[in-house]
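Protein chains in written order, with numbering that gives the first Met the number 0: chain F, 0 to 308; chain R, 0 to 128.
Rather than coming from a laboratory, the hints here were simulated on the basis of the structure.
Everything numeric in this text was worked out from a predicted model, so none of it was measured.
Be a bit skeptical, because a hint or two may be false.
Once the Cα atoms are required to be at most 20 Å apart in a straight line, the calculated EDC-like pairs of lysine to aspartate or glutamate come out as [what the hints assert, rightly or not]:
| id | chain 1 | residue 1 | chain 2 | residue 2 |
| --- | --- | --- | --- | --- |
| 1 | F | K285 | R | D79 |
| 2 | F | K229 | R | D87 |
| 3 | F | K291 | R | E47 |
| 4 | F | K302 | R | E47 |
| 5 | F | K229 | R | D36 |
| 6 | F | K229 | R | D79 |
| 7 | F | K291 | R | E42 |
If you anchor each label on the Cβ, the simulated ranges turn out as follows [claimed, not checked]:
| id | chain 1 | residue 1 | chain 2 | residue 2 | range |
| --- | --- | --- | --- | --- | --- |
| 8 | F | Y255 | R | N95 | 34 to 44 Å |
| 9 | F | I185 | R | A18 | 34 to 44 Å |
| 10 | R | G68 | F | G303 | 25 to 35 Å |
| 11 | F | T264 | R | G68 | 22 to 32 Å |
| 12 | F | S279 | R | A18 | 38 to 48 Å |
| 13 | F | G303 | R | E115 | 47 to 57 Å |
| 14 | F | L12 | R | K92 | 50 to 60 Å |
| 15 | R | T27 | F | I62 | 37 to 47 Å |
| 16 | F | A144 | R | P3 | 26 to 36 Å |
| 17 | F | L244 | R | V4 | 42 to 52 Å |
| 18 | R | R30 | F | F138 | 36 to 46 Å |
| 19 | R | L6 | F | Y255 | 27 to 37 Å |
Computed from the model, here is a short list of chain R residues facing chain F with C-beta under 7 Å [claimed, not checked]:
| id | residue |
| --- | --- |
| 20 | I13 |
| 21 | A17 |
| 22 | G77 |
Idealized CB from N, CA, C, for every residue including glycine.
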Amino acid sequence: MTDHLTYPDVVQLAVPFFIIAILVELVWIATKGRGGRYETRDAVTSLIMGAGNVTSGILLGFIAWGFFMVLWEITPLDLGTSWWIVLICFVLDDLRYYWVHRFGHRIRWVWASHVNHHSSQHYNLTTALRQTWTGTFTFMMVVRAPLILVGFHPAMVLFCGGLNLIYQFWIHTEAINRLPRWVEAIMNTPSHHRAHHGRNPRYLDCNYAGVLIIWDKLFGTFVPEQDDDKVDYGLVHNLGTFNPLRIAFHEWVGIYRDMTQRGLTVRERLMYAFAPPGWSHDGSRKSSDELKQAHLRRHPEDKGSAGFS
Amino acid sequence: MTLPVLLALVVGGIAGIAAILHLMGLTTPYRFSNGHDAISAWEREVPERPATGFHLSSDSRASLVTFEGGVGIVWSFGGDTVARLLGDTPPQKTQNGLRFDFPDFGSSALKVRLKETDLDIWMKALEAQ
Ligand SMILES: [Zn+2]
Ligand SMILES: [Zn+2]
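Just chain F, same shape as in the assembly:
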């Protein structure tokens, strides 16, 4: 029935809005003298990564789309297109986003793609657009399979995913401190997502939410932003390059080099690809859990506080 369903490509349509919002944030920072930091090369790099993400979607999008259409052929279920089905689809796709994002931080193969979004030491609206070029190669489209198999049309699922990404754009700002309590309780907000971008040990591996923060509360990954632990944005090992190619591929190169070292067992080679980031066969690197433990050895007073339990 709904084989030829089409929805607008909302992310492309949002491009003019992105540009205007960035200019508004800039004017806000310039006039108020607070609420964020911009640096030319950092911002331009983020924007180029965003443009590259859209390009890779145009070039490689057919792979995920083809996969989804095969599933749609197989499934006998069709939930139709009423507005409340779209709403349920949006909420379930947000749950899908939570898990893909969590895998993105806990499986190095997926992190190799997502790391890019965290590679800026700044946190402003351009950071939101610093997106991966290599998402297709993580094969995380399989996490969407259940949605399509239960009868949500692939075009609807992608439409909801696009809306999800657009929602996440505006939360990449320091210009908004805290929102009313009920919003902070239910929704992903600038404050919650700032914590997610922190390289402070406290904030590693927290707040994976897309739109609804309830998933983090449900699955035990919620850490509220602490006023006495200012978020230090970026990576545990910050990048020393503005070269978009290095940014897009550095972790893939790292995986390749680690896996092809001499003298490793097959298991060790696989662990370099699929274990959490920071895993090493000789203990020479630190995973996020080990970084948290090392922090607590230096700062025992933080024991039991948010992010350290």
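Dock chain R with the ligands against chain F, hints included.
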């Protein structure tokens, strides 16, 4: 949205934002105002290796940092800083200083400006490790 319109928006948007940021003076690179600055930048990035000494570059955009058992470098990266431990590969001499190539693909090569006297100090510290 047709592809040419999208392309024009993206290219125009990036160029326009770049021009505005530059005109607002936001391209000025970070400089260490003193050694304390360099050490705190180092310890932000490498907290498990407390610094025991530092040698600023002649333009204050980089600093060699010594720690128990090794040496590293911290440098100005846009408006921020980045740090790396230095391994066995010695830097290359250039016309006005040194060039460091890092083994990780996430760092471009770094050129450090060093006057004659600073260069001597850096070379000695690098050889001493
Ligand atoms: Zn993330
Ligand atoms: Zn983000």
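Quiz item: Close enough to count: is the Cβ of G77/R nearer than 7 Å to one in chain F?
Solution: holds (5 Å)
Self-check item: Straight-line alpha-carbon gap K302/F to E47/R, limit 20 Å
Solution: holds (18 Å)
Quiz item: Holds or violated: is there a CB of chain F closer than 7 Å to the CB of A17/R?
Solution: holds (5 Å)
Self-check item: Restraint check for K291/F with E47/R, where alpha carbons must lie at most 20 Å apart
Solution: holds (12 Å)
Quiz item: Is the shortest C-beta separation between I13/R and chain F less than 7 Å?
Solution: It holds, given that the least Cβ distance between I13/R and chain F is near 5 Å, below 7 Å.
Quiz item: Does the hinted range 37 to 47 Å hold for T27/R and I62/F at CB?
Solution: holds (43 Å)
Quiz item: S279/F and A18/R, beta-carbon distance inside 38 to 48 Å?
Solution: holds (44 Å)
Quiz item: Falls inside 34 to 44 Å, the C-beta gap from I185/F to A18/R?
Solution: holds (40 Å)
Quiz item: Is 36 to 46 Å a correct range for the gap between the Cβ atoms of R30/R and F138/F?
Solution: holds (45 Å)
Quiz item: For the pair L6/R and Y255/F, does the Cβ-Cβ distance stay inside 27 to 37 Å?
Solution: Hint holds: Cβ distance 32 Å, inside 27 to 37 Å.
Quiz item: For the pair L244/F and V4/R, does the Cβ-Cβ distance stay inside 42 to 52 Å?
Solution: Since L244/F and V4/R have Cβ atoms about 27 Å apart, the given range 42 to 52 Å is violated.
Quiz item: Is it true that the CA of K229/F sits at most 20 Å from the CA of D36/R?
Solution: holds (18 Å)
Consistency note: the structure conflicts with the earlier hints numbered 1, 2 and 17.
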